[in-house]
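Line order of the protein sequences matches chains A and B. Residue numbers 2 to 367, in my numbering, belong to the letters of the first sequence in order. Residue numbers 41 to 465, in my numbering, belong to the letters of the second sequence in order.
Accuracy of the hints is not assured; some may be wrong.
Across the chosen pairs, the derived CB separations fall in these ranges [stated by the list, open to error]:
| no. | chain 1 | residue 1 | chain 2 | residue 2 | range |
| --- | --- | --- | --- | --- | --- |
| 1 | A | Lys194 | B | Ala457 | 56 to 62 Å |
| 2 | B | Glu96 | A | Ser328 | 35 to 41 Å |
| 3 | A | Pro297 | B | Asp43 | 36 to 42 Å |
| 4 | B | Leu228 | A | Asp42 | 55 to 61 Å |
| 5 | A | Gly130 | B | Asp448 | 37 to 43 Å |
| 6 | B | Lys453 | A | Glu301 | 57 to 63 Å |
| 7 | B | Gly455 | A | Asp42 | 37 to 43 Å |
Which stretches of chain B does chain A cover? Using the computed rule of at least three CB atoms under 8 Å from a CB of chain A, they are [as the list claims (entries may be wrong)]:
| no. | segment |
| --- | --- |
| 8 | 122 to 132 |
| 9 | 182 to 196 |
| 10 | 217 to 226 |
| 11 | 268 to 276 |
| 12 | 288 to 301 |
Since the hints were made in silico from the structure, they are not lab data. All figures in this text were calculated on a predicted structure; none of them were measured in a lab. Glycine included, every Cβ here is placed at the ideal spot set by N, Cα and C.
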Amino acid sequence: MNRPVIIAITALGLCLASCTESGGPQADTFNRTAMLTQLADNLIIPSYDSAATASVRLATNCESILADGDVSSADVFELRREFVDLALQWQRIVTYNFGPAEGDLGTLAEDAATFPCDTAEVWRRIAAGDTLLRDFRRDTRGLATIDYLLFRRDPAEIARDLSDASAGNMRAYLRRVINRLRDELTSAAVAWKQSYRRIFIDRSGTDAGSSVSLLLNELNKSFELLKNYKLGLPLGLRAGQTMSEPTKVESYYSGASYLLLGLHYSSIREIWSGQLRGGAQIPSFRSYLLTVVNGPRLVEETEAQFTRIDAAYGLVSQSVMSELIRSNPQALVALHTEMQKLTRFIKSEMSSLLGISITYSSGDGD
Amino acid sequence: MIDRRPMSLAPLAILRILFGSVMVISCVRFAWLGWIGEQYIDPVMHFPYAGFEWVESLGDPGMYLLFGVMTLSALGVALGAWYRVSSIVFLFSFTYVELIDKTYYLNHYYFVSIAAFLFCLLPAHKHLSIDVLRRPQMKLDVMPRWMLDVFKLQIGIVYLFAGIAKINHAWLMDAMPLRIWLPAQSDLPIIGPLMTLWWLPWMFAWAGMLFDCSVPFLLWNKRTRPFAYAAVIAFHVVTGMMFQIGVFPLVMIAMTLVFFEPGASNVSESNANRVAVLPSPLKLVLVVHFVLQILLPWRHLLYPGELAWTEDGYRFSWRVMLMEKAGTATFTIWDGATGRGGIVDNREFLNAHQEKQMAMQPDMVVQYARFLREEYARRGVASPRVTADVWVTLNGAPAQRMVDPDRDLASDKIGIAPSTWVLAR
Chain A
2 MNRPVIIAIT ALGLCLASCT ESGGPQADTF NRTAMLTQLA DNLIIPSYDS
52 AATASVRLAT NCESILADGD VSSADVFELR REFVDLALQW QRIVTYNFGP
102 AEGDLGTLAE DAATFPCDTA EVWRRIAAGD TLLRDFRRDT RGLATIDYLL
152 FRRDPAEIAR DLSDASAGNM RAYLRRVINR LRDELTSAAV AWKQSYRRIF
202 IDRSGTDAGS SVSLLLNELN KSFELLKNYK LGLPLGLRAG QTMSEPTKVE
252 SYYSGASYLL LGLHYSSIRE IWSGQLRGGA QIPSFRSYLL TVVNGPRLVE
302 ETEAQFTRID AAYGLVSQSV MSELIRSNPQ ALVALHTEMQ KLTRFIKSEM
352 SSLLGISITY SSGDGD
Chain B
41 MIDRRPMSLA PLAILRILFG SVMVISCVRF AWLGWIGEQY IDPVMHFPYA
91 GFEWVESLGD PGMYLLFGVM TLSALGVALG AWYRVSSIVF LFSFTYVELI
141 DKTYYLNHYY FVSIAAFLFC LLPAHKHLSI DVLRRPQMKL DVMPRWMLDV
191 FKLQIGIVYL FAGIAKINHA WLMDAMPLRI WLPAQSDLPI IGPLMTLWWL
241 PWMFAWAGML FDCSVPFLLW NKRTRPFAYA AVIAFHVVTG MMFQIGVFPL
291 VMIAMTLVFF EPGASNVSES NANRVAVLPS PLKLVLVVHF VLQILLPWRH
341 LLYPGELAWT EDGYRFSWRV MLMEKAGTAT FTIWDGATGR GGIVDNREFL
391 NAHQEKQMAM QPDMVVQYAR FLREEYARRG VASPRVTADV WVTLNGAPAQ
441 RMVDPDRDLA SDKIGIAPST WVLAR
């Protein structure tokens, strides 16, 4: 076959194609570098900064309160308030569990936010004066352990415990857990600003290992964590569970679980939509989808499901989540169901339409 | 058709060296990337082929040893050293690994197994080899022409069926899935900016189809051969840059060199009496092989339903990069005694690649369901039922349910029977 024939057939194909094509030519091209830059500068780095700042505040206050040996109820209230603030800030970075969040003992999310806390093991370590925290028992440190140590009893009793002359080990353990968290968050925040920002922006492709691929992957992992573990696990909706387990909510002792859950969810939505809390709009997956074939349809469906999740979230009465699971879990189960329905939109359909590779292994049929 | 004219054995030996070398590179690369552990040791479960459930991962250090043996045997093939043993060991070790888990199925791995099989049968080591150095009396200089033609025929089959598979409405008229894949490549050096041209997917679709359908004939024809080979290089380099297809471009570029053979004139009279022969039973094996090669890609016609959804007869048919398919599969385990249902976290059992492949392929969905039934029965769930809500998007269309969400998938069986549990058909 010679060249003119090939050209003629190609031209014929093009002609036929343009006659049958439904969506019209792709007019727009999406600037992934701009998206990554804006995400880094306006969402990720500020969120890391806020979390790091909250951790520094808690750590500094904890040091000064514990230093004078006389802890009051007011001091405990102060520490609790700062802890809840940190736990809230944490929800806004939990999804960025890559790059600077990768440590030698696992990722930041594993190290800082594994729950529930193994209280028996924590007491064993306190009794032994073991404050090393260099192993894979992540349920003896991080937010869940601070939650336990600050909220397990009345503030007055906690204050008395921490003031007790014989409680040196407990004070040391609390201080160590808080300081370690501060160190991890501040070094991740610094790493983002100093070096990783550039790497993140430069990897602007769609192959496995590109920033868009990483972010999409982590967005889905974060959503699974939220749905399966923060909601499904305490509700007893996981395979093999025979009953609900209300104590397995995140931050069980503080009772802030539902608030944290809501913020985790809205931070995922924020990353997807690029609609920042402050009102600013930056390019993100939503605007990216709007530029690809069949993307507008998916955006519409995804937003409709987000709206249904919002409605289901609002229908849950604002009481302590673990008590709600014991007494009246229906609204929470309904929320779980709506979240389940979102998965396919942000997981398979989004990566498929954007042509993003999730793994390094070669794809189907070469 | 069968060309018995004598020709030099050198081209076959050179092809053997090329093939063995690319396989050594491929094995070393696989190990270097950490894929032995990631793909064959770390996963909790694998997806064996129906009838090959006995093929299991050999674990650690077994898999490393197996890859070591495979690499050495590939080297043996390249060097022509202890060739009979090397070529057979390579065929079996390579194929064994491929049979462990079909989520890693690739058409090019299938091609490698076939090429290894052909090399086992042919006397490719009787020239330019260590074996000839060891035992000079075994050296042969001449073979019948068809011994090289079998590789041309095999490569021709690959391209031709890949081309025929592209003759469908989605590929040619909608330019799907290229309309999804090309714009995602806009950051490629030099050609990146072109990738967002609206008409480019149609051009690639038609050019790809025409290339695959015509290149076997253009390579066969002496006049068009250099241009066809240039096109082969261009085609594989471009697709290699765009898609994560590993060593496949290298394999095809190397193996396609087989079409460049010397003319018959260089066979001198003096050694023409020592001609390579193949025993008749092995000839019969070759004939059966090629009959199967020509028939197998059509077997999907025997199944009801839409091939893209059922995938009955999809593999081993040279359907290469044909569709963009992705799914989300949520499995629920139901306790037979209490009726309580619980949702499975797929990441507990599957790596990201396995989950991605499983969530869109009907036979794997059933295999996973059967695994989950065993697993949760072991964990104390009484006579578990396994259902799945599987949403699959094909070529960017809105996702559809692939199976009945109330069906107990663990009671279905995979095999050569149609995948009757597939809803979208």
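TODO: Using the beta carbons of Gly455 of chain B and Asp42 of chain A, state whether their distance is inside 37 to 43 Å or not.
DONE: 55 Å, violated
Task: Glu96 of chain B versus Ser328 of chain A beta-carbon gap, inside 35 to 41 Å or not - done: The hinted range 35 to 41 Å is violated for Glu96 of chain B and Ser328 of chain A, with Cβ atoms some 49 Å apart.
TODO: For Gly130 of chain A and Asp448 of chain B, compare the CB-CB distance with the range 37 to 43 Å and indicate the outcome.
DONE: Given about 54 Å between the Cβ atoms, the range is violated.
TODO: Tell me if chain A covers the segment 217 to 226 of chain B under the three-residue, 8 Å CB rule, please?
DONE: Three-residue rule met by the segment 217 to 226 of chain B, so holds; n is 7.
Task: Status of the given 57 to 63 Å range, CB of Glu301 of chain A versus CB of Lys453 of chain B - done: 40 Å, violated
Task: Given coverage of the segment 268 to 276 of chain B by chain A, tested with a Cβ cutoff of 8 Å and a minimum of 3 residues - done: Result for this restraint: violated, n = 0.
TODO: Mind taking a look at whether chain A covers the segment 122 to 132 of chain B? Criterion is 3 or more residues with CB to CB distance under 8 Å.
DONE: violated (count 0)
Open item on the list: Within 56 to 62 Å: is that where the Cβ-Cβ distance between Lys194 of chain A and Ala457 of chain B falls?
Closed with: Because 59 Å falls inside the window, the suggested range holds.
TODO: Using the Cβ atoms, figure out if Leu228 of chain B sits within 55 to 61 Å of Asp42 of chain A.
DONE: For Asp42 of chain A against Leu228 of chain B, whose Cβ atoms are near 26 Å apart, the range 55 to 61 Å is violated.
Task: Assertion that chain A covers the segment 182 to 196 of chain B - criterion: three or more residues, beta-carbon distance below 8 Å - done: Not satisfied, violated; 0 residues make the cut.
Open item on the list: Taking 36 to 42 Å as the stated bounds, is the beta-carbon spacing between Pro297 of chain A and Asp43 of chain B within them?
Closed with: 58 Å, violated
- [ ] With a C-beta cutoff of 8 Å, work out whether three or more residues of the segment 288 to 301 of chain B approach chain A closely enough for the coverage to hold.
- [x] The restraint on the segment 288 to 301 of chain B is violated, since only 1 of its residues have a Cβ under 8 Å from chain A and three are required.
Comparing the model with each numbered hint stated earlier shows that hints 2, 3, 4, 5, 6, 7, 8, 9, 11 and 12 do not hold.
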